[in-house]
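Chains Z and W, in that order, are what the protein sequence lines are. Going by full-length UniProt numbering, the first residue of the first sequence is number 1, and it counts up by one from there. Going by full-length UniProt numbering, the first residue of the second sequence is number 1, and it counts up by one from there.
Just to be clear, a hint being listed does not mean it is correct.
To be verified - One side only, chain Z facing chain W, incomplete, derived with CB under 8 Å: (1) T51; (2) F52; (3) F223; (4) P224.
Keep in mind that the hints were calculated from the coordinates and are not lab data. For glycine and all other residues, C-beta sits at the position ideal for the given N, C-alpha and C.
Number of protein chains: 2
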Amino acid sequence: MKSSLSRLLPLASLVSALFVSGLPAAYADIVDDKLAGMEAQSPIDIRSDNTFFGNLSPLTFNLSSSTTLDVINNGSPGKEKTVRANVAAGAGSITVDGDTYNLAQFHFHTPSEHLENSHATPLELHLVFSDANSHLLVVGRWINYGDTNAALAPIFSNLPQTTADHLAVNSFNLNSLIPDNLESFRYTGSLTTPPFSEGVKWIDLAQPLDMSASQVQAFQKLFPDGDAREVQPLNGRIILTDVPNFVHVTPVPEPETYAMLLAGLGLIGFIARRRLATPGFMGSGA
Amino acid sequence: MKSSLSRLLPLASLVSALFVSGLPAAYADIVDDKLAGMEAQSPIDIRSDNTFFGNLSPLTFNLSSSTTLDVINNGSPGKEKTVRANVAAGAGSITVDGDTYNLAQFHFHTPSEHLENSHATPLELHLVFSDANSHLLVVGRWINYGDTNAALAPIFSNLPQTTADHLAVNSFNLNSLIPDNLESFRYTGSLTTPPFSEGVKWIDLAQPLDMSASQVQAFQKLFPDGDAREVQPLNGRIILTDVPNFVHVTPVPEPETYAMLLAGLGLIGFIARRRLATPGFMGSGA
């Protein structure tokens, strides 16, 4: 079991975060070296037994209901392998704890990178925000199979097939990506693609988004091996949630419980012996 | 409301902890200067709206049922003002997360230093443990008015009145200080007396201890102004608990809720106007 006291003393110093923009191939060794010292990576497995329930500060989204998107496929090896929708400056922001972060882009991973109780969904949406000092905040959202997502249809029916393709989408409603219920899971982690920079604030919204199987398949056709990073160890980090009934505490038996258990076993032994000695005891009485 | 995201990024670097042993008067300025930079101090107000519920690692106490105590009054100004029971080496330990801390002493504060939902109890017990590297762990326990505490009677019926007095107690059962139910509140804080060193692991047991009013009064007579430090700001620290039903989440109204509220107000206005126009509407009909 992961140390709960050590959770209070985060092991990893938080590295200032950088935007993902792809990485020269020669950079790979440097990244490998850096990763060796990293201990606060994303994604993670968000489980009922490693998450703490309480009040979280409110999230305020301010998103354009009609903006233009520049959708690209940056799926070459060693880069951030995904389909990414770059948004116009000023198209969206999130304010939390008095800090405002501006939306830069959103993109997708298959299967989902974050797990919920060790369970992946077919797809995961990441909305990447950045504040004035380039501190990153990523809003993640699980995507499940369901009805065709009409808002995302303009993207998923015309996914850019190669890194050379650009898809322009007009009048996109960014609010269609955000659920009514803003309950979430929050922790501090990293980019899930090179250079895996840490110090990224993660807000994983609990209410999933629906897409049709054919929409999901259109994305998966582009990345047949998937484009999800494996889950990373928590290393003493804390996951917080305001989702009711998600957290269940495993009761720790008290010494008294063991004593009663032993007493009970003793009683059963006593009864068993009495039954052998006097067959009528607790029997038919006949 | 305290930032929950900043809770994930502790502000204060954790200073290695030292044992309290009193402080030369000339030291006071240095302590004041140090305190100015301290942001993870104890005690704190443990409230339902600033605490997170989840699994905590098990606590294993290993305490002698018959040990000798050297009870002293170290209540001079500028020192740790309390009655303290020093225990023999090897008399007790606590193991948590694989680390073992040895019991050095226990002492009392009036009124309680830690608050529960802004409420103090008459007295608070602190059991001070230290590991091989002098890292401190303090187990705190609230004390309420109730029956006479027989186990503590040898101490509280003969409290040392001056700093010159020593009280020897034989055959003290340390297990009498620990409850059956080990549910707790945990956070990282400081000593509550000079030099207020930080990096102290706090485990506040939820189940209070009972003492009679006359036992509490015997202690309060020694410290008529009390010997409790005021609660300190959390500054982004996290309090964790495994106490069921202690944490309640304050729901954040969704935009839809506001919309329904406004719609409801509109409807009331409509009805009020109709009532003015047609007195029979929703009236007696007579």
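Hint check results:
Nearest Cβ of chain W to the Cβ of T51 (chain Z): about 6 Å, under the 8 Å cut. The hint holds. Because the beta carbon of F52 (chain Z) sits about 3 Å from the nearest beta carbon in chain W, less than 8 Å, this interface hint is met. The closest approach between the C-beta of F223 (chain Z) and any C-beta of chain W is roughly 31 Å, which is over the 8 Å cut-off, so the hint fails. For P224 (chain Z), the shortest C-beta to C-beta distance to chain W is roughly 36 Å, which exceeds 8 Å, and the interface hint is violated.
Hints 3 and 4, counting from the list given before, are not met by this structure.
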